[in-house]
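Protein chains: 2
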Amino acid sequence: MIETLSSLIDGYGGRERESRTSITNGVRMNIKGFSYSAVAASIKYQGRLDLGLIYSEKPCVTAGVFTTNQVKAAPVLIDIKRLKEGRSQAILVNSGCANACTGLEGKKIGLATSSLVSKALSIPDDMVLLSSTGVIGQQLDISAFEQHMDELVNGLSSENFGKVAEAIMTTDTVVKTAYASIFIGGKEVKLAGMAKGSGMIMPNMATMLAFITTDVQISFPELHKSLLFGVERTFNRITIDGDTSTNDMVLVMASGKADNPWIDGDSPGNQLIFQDALEDVLKDLALQLIADGEGATKMITIRVCGAKENCEAEKVARTIATSNLVKTAFFGEDANWGRIMAAIGRSGVRIYEERVDIAFGDVPIVKNGLFLGEQAEKEATEILKGKQFSVCIDLKDGAGCEEVCTCDFSVDYVKINADYRS
Amino acid sequence: MIETLSSLIDGYGGRERESRTSITNGVRMNIKGFSYSAVAASIKYQGRLDLGLIYSEKPCVTAGVFTTNQVKAAPVLIDIKRLKEGRSQAILVNSGCANACTGLEGKKIGLATSSLVSKALSIPDDMVLLSSTGVIGQQLDISAFEQHMDELVNGLSSENFGKVAEAIMTTDTVVKTAYASIFIGGKEVKLAGMAKGSGMIMPNMATMLAFITTDVQISFPELHKSLLFGVERTFNRITIDGDTSTNDMVLVMASGKADNPWIDGDSPGNQLIFQDALEDVLKDLALQLIADGEGATKMITIRVCGAKENCEAEKVARTIATSNLVKTAFFGEDANWGRIMAAIGRSGVRIYEERVDIAFGDVPIVKNGLFLGEQAEKEATEILKGKQFSVCIDLKDGAGCEEVCTCDFSVDYVKINADYRS
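Protein sequences appear in the order of chains E and P.
Numbering-wise, this note's numbering puts 361 at position 361 of the first sequence, and it's gapless, one number per residue.
Numbering-wise, this note's numbering puts 302 at position 302 of the second sequence, and it's gapless, one number per residue.
Chain E extracted, bound-state conformation (with noise of 0.2 Å):
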């Protein structure tokens, strides 16, 4: 269980990677049942992609993660309500403005925004989905969805995937997206995921925006739990600065064409061969998502073991995880395990100093709380000076084990966090 975070990351080269449900980045994938499209609507830039719809031809089972922040964009307070069902037909997503802290006139607007979307596709309002992401605190204009609705549902397409990939970034250097495929009781189901976020990426879910559209047949309680499942093994443990955002969803849309037998509460293996393909997508796109943290050059696993509960071994990951100290050391290609020690220290966790183990990757640079020399900081420099590594952490105080994926903290990333809306 616990492996699965690092083990990714051990052997993630970007986009080229195998696994056992055939994960192939890059590759255009057909999900039955589904169509794309997003155009340029001028909604803070000119030129660039910023609108998005995602459409099922029919009502599709839906279920959806949502940001745990009680300050909620009106997109997030209406899909909540809307979600109470279990169902949607279509996601419409801008990027350039979060229509977060608008209050009622911003609920209005998100609401005229979906009645514009359920006009021209023929469907109930409540089957539409909403998701903004971008600065806080504006008003959506809402004559630039009028302008380009009619654009935008005719450009739907099952081949506009990317597109929509490409409409969510902000600031985002990479179009995120992840497939996966599986057999289902003889049928192949397929799984095509996109994702977005660079900064504000945190725990407790909130952290970004990532729409999955898959083929399965699936009822709600299971693709909910599948979700529930797999973002608390994913995206719940990942972090760039320790912020938690307003807006943030995962939304997955199952629409059925792929005619598997129906995985319902009495098909327990059928749901864990799906549970487990949604996770290796959401795990695809958690690490991507790291890999692009603002400012990123460096993506690392900091595992915890040997704690009293894993709960606490969570707790001192996070601690490490997100300390500015630690994370400008890494920037800086600096062995510098005190810090690490320091973090440990503060975390909260009872732990005992005379005990601790800490390595960078598999050399060993501190045991039992004591420094092993400048041989052993030699070569922990080495490990440090590559894109991806682990830290290993042994509390030597019980079998508690837990891991969170974290990047360098850079220069870069307070300049573009300076800077962001100038």
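A couple of the hints might just be wrong.
Each pair may be met inside one copy or between any two copies, as identical chains are not told apart.
With a cut-off of at most 20 Å between alpha-carbon atoms, the simulated DMTMM-like pairs for lysine to aspartate or glutamate come out as follows [claimed, not checked]:
1. K385 to E333
2. K163 to E354
3. K107 to D334
4. K44 to E374
Hints listed in this document are in silico derivations from the structure and should not be mistaken for laboratory results.
Since the model is a prediction, treat every value here as computed from it, not as a measurement.
For chain E, the structure is supplied; the task is to place chain P on it using the hints.
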């Protein structure tokens, strides 16, 4: 009560200012009973003061507050034990090496350095307090202490206060000292404080090193109480990077030479007069720490009122004050109130978005959760161009108020911390 930090900040112009306690920075003050010395012992760097000694002719009433980090440096562990009786006669302090994560060997070396002092000064071993700051995980080089102990002791003079303040600096760019004098029972009582620290500054004590010498006549419980109260309201209300060190401490030594009426449990009035003066000194030092925060270009007070309880106001203020996104926006002079709303929303405190007011200085920018428009933003941006300003948040849900002082987060912070050990 609430106004203390901010009222100081609002009137804070660096080294020149006046207060009721006649704080006169930059003027050398002579605290009766004490002498000071510092030498360049080449502990890490050549040719800079890095070893200091504070000495009292007679045993002093002494109180201390220490890091809350579970990973405590050797000098911290030694001092906690030695201060059980509330008495000391000397503080030996070095920069360049933290003597943290150094195990039993580190404790032995620490004790050996204190023996050098006790022999040279002919005082009992356990009357010597130790303090170290610098890189974690390296053993102290005892020979540096042996070679320079005579020079250090011979240099003791009432005029060398500033030299010790210089010897404790690490990444600090300026010497930090503060003074106060008050009258108790017709007798003048003086306090002189020094501090170091510019990163790893974070609440719950921890923070940094500060030493205060005073000639007040006071018993231990009252001195300890005054110190705890003062630290809680000053050093525990500032944050630079959210990290908490393994080494940090505030020590106050009272020589009793002022000959004021004894302050003990029966003199609450005089205790308060002293406590106020001590708080002023601590506050002054705390603000100097913020102003010298690693890479900091601005000093910002986050003031939260209208919370249900003070502790909830503090939680919200702290979440804002430690958000990298908020702090980078300050650096970019961007009135990005959306990031402040997002921080409020994830603070863990129940809030009502539709009630929240935000102002930069005296410029309201959000009213009842909504943006007040571009003119407000324009005016707020002018406030952000200043070197010192406050951000006021009214949650309108109660009478709880609190404030936390922070600095902006600059490109230089990352540079300093990526390069610190190299």
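Hints violated by the structure (numbers, ascending): 2, 3
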